[in-house]
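Undergrad: Here's the letter readout for the chains.
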Amino acid sequence: MGWIGETVDSIKSIKIRQLLTQAITLGMIVTSALIIWKCLMCVTGTESPVVVVLSGSMEPGFKRGDILFLHMTKEPIRAGEIVVFNVDGRDIPIVHRAIKVHERENTGHVDVLTKGDNNDVDDIGLYADGQFWLHRHHIMGRAVGFLPYVGWVTIIMSEKPIIKYILIGALGLLVITSKD
Amino acid sequence: MHSFGYRANALLTFSVTALAFICAIASLSDNFSNQNPSAEIQILNINRFKKQSYENDEVSLTLDISADLESLFTWNTKQVFAFVAAEYETPKNSLNQVSLWDAIIPDKEHAKFRIQTSNKYRFIDQGHNLRGKEFNLTLHWHVMPKTGKMFADKIVMPGYSLPDAYK
Numbered sequence: 293m294g295w296i297g298e299t300v301d302s303i304k305s306i307k308i309r310q311l312l313t314q315a316i317t318l319g320m321i322v323t324s325a326l327i328i329w330k331c332l333m334c335v336t337g338t339e340s341p342v343v344v345v346l347s348g349s350m351e352p353g354f355k356r357g358d359i360l361f362l363h364m365t366k367e368p369i370r371a372g373e374i375v376v377f378n379v380d381g382r383d384i385p386i387v388h389r390a391i392k393v394h395e396r397e398n399t400g401h402v403d404v405l406t407k408g409d410n411n412d413v414d415d416i417g418l419y420a421d422g423q424f425w426l427h428r429h430h431i432m433g434r435a436v437g438f439l440p441y442v443g444w445v446t447i448i449m450s451e452k453p454i455i456k457y458i459l460i461g462a463l464g465l466l467v468i469t470s471k472d
Numbered sequence: 069m070h071s072f073g074y075r076a077n078a079l080l081t082f083s084v085t086a087l088a089f090i091c092a093i094a095s096l097s098d099n100f101s102n103q104n105p106s107a108e109i110q111i112l113n114i115n116r117f118k119k120q121s122y123e124n125d126e127v128s129l130t131l132d133i134s135a136d137l138e139s140l141f142t143w144n145t146k147q148v149f150a151f152v153a154a155e156y157e158t159p160k161n162s163l164n165q166v167s168l169w170d171a172i173i174p175d176k177e178h179a180k181f182r183i184q185t186s187n188k189y190r191f192i193d194q195g196h197n198l199r200g201k202e203f204n205l206t207l208h209w210h211v212m213p214k215t216g217k218m219f220a221d222k223i224v225m226p227g228y229s230l231p232d233a234y235k
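Here the protein sequences come in this chain order: X and C. Okay, so the first sequence: first residue is 293 according to my numbering, each after it adds one. Okay, so the second sequence: first residue is 69 according to my numbering, each after it adds one.
Read the hints as simulated data drawn from the structure, not as lab findings. Yeah, the Cβ is synthetic: ideal placement off N, Cα and C, and Gly gets one too. Hints are not guaranteed to be accurate.
Computed Cβ-Cβ distance ranges for the label pairs, DEER-style [as the list claims (entries may be wrong)]: (1) 78/C / 355/X: 29 to 39 Å; (2) 421/X / 102/C: 44 to 54 Å; (3) 316/X / 78/C: 20 to 30 Å; (4) 192/C / 365/X: 20 to 30 Å; (5) 177/C / 355/X: 20 to 30 Å; (6) 322/X / 76/C: 16 to 26 Å; (7) 453/X / 223/C: 47 to 57 Å.
Extracted from the complex, chain C is given alone in its bound form (with noise of 0.2 Å):
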């Protein structure tokens, strides 16, 4: 009852155990954050807008983003992953998204931020739906935990259009 082996293993399972009791703990505490993001997206200029040689459209613009999302950071949070996608309907595809912008905000002191950048990923239709089209541009986040549960919310900012003709 004393040897080695039943002391190592005695050890192990205890401490095994209340590691996963700490991080069970450690994510359920993060349901009791208040959160409050903001933010604010306009578009700066529509850089080009043409039909990719018989096939689809594309659009290539110019956003200026702010945002404050510092009330998501708690101390359990590891990083917070930002993306800024358009989001519109066509005739064939009931929803369609298309992220624009993406960053990876590490702590606290980043997440206020205003930027203005071209759009890092192609803003690709499937098909030539985006002459006039209306669309969403959303800010979703996803808070990455140290361990635990992650979660993820969105601010909807409607009223956006594209042109109605190639540029």
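The following block holds chain X by itself, in its conformation from the complex (with noise of 0.2 Å):
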């Protein structure tokens, strides 16, 4: 008996108003790491202004863990362009430079090959069957900056996602436990 009035007691005094506020400020908290997140990708004009790099086929100038700033214009692609495109058929995007660039006359229309400078031959390989160039709707944007090891984070998330459960359990303890 004593031990229900306990529970119940402790369920009493619960300040409803404080659990509501931490709630609200939880929510404050992600919806701005949205709205940033898609002003990025607004400013940028790509899906995904922020990759990591996951292969060494770029090396020695990207190494797998470091991200790259992209930005996409209306502007055609030209030859020497580091450009992120996705294959149909495949979901991880793949980070190569452009070596030869084709651009038709009255459409505007370009025809684009690209290789990673560790690699010994271009990208036909990658492309799906029977493509031989990358088109404007391949493309997710340019490199235009980088940021070494940054990405690690990112790989090992992925890879053992152990790793992202037992932070977020450890954030979401943090948020309960807080006083304020």
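Assemble the dimeric complex from its two separately framed chains, guided by the hints.
TA: So this is what it looks like as structure tokens:
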């Protein structure tokens, strides 16, 4: 009997207002992060303004774990630009350099062939069957800036998902137990 | 206010902010460097010039490339990616750029060079437009920094042309 009374007391002592304030603060933090991300997407013109380099095909310039800042404009792709593209049927974007560009006279349509700096052959083997060129709609953006090593956090979290769960669990615990 | 958690958090935030600031300053300092690279390219020989069995024209050539890219290197430069591209116009395409050769220059000591090489990548046209074609050879370079903004530029050398007949 006393034990039930204690539980009821502790439930009554949870201040509803404080709980709601905490929940709203958390919601604000999450939504402002989302707003910043969406603004970045607008400003840079690409769906993912920041990508992590996953393979060693652009070494020694870009190593695995570096992050690249992307930007996309209406300007056509030119040779030498480092582009990030998706091949139909694969979901991992690839970061390579454009080595051949052919731009059509009237339509402005561009055929692009890419190659990783550290690869011996061009990317024809990576494109879909029967595809010999990349087109505008495959390309997500051009790499304009670079930060070393910062992407390892993302790589570790996606390759060992247990770490992701531990991190989110710890963050959740921190939020619930914090006094403000 | 003085628990380990708060202190670790403050330390982490401060160090990340300081690192980000240093990276930004390093990248900005690249804008102030004075750059004047130079290059010269000669075509030594046209080795082969043929039509790929009913399809597109293909050329194989030997180039003599000499360049001095030392002034591109700053303290924030990790490497310079240089490549030579042939640029030309055809009736169907307003611009064609075909990379013929490239190299990664890891440091200033290697930045002044002269090499003679045949084209590393195949010079293939989209069509049969290359006979007698005049084209530019451009030396492009891409400065890849240790951190921050990458920038690129080029030197255009016009006035090269291919023979009028297949060889």
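Undergrad: So which of those numbered hints doesn't the model satisfy?
TA: none
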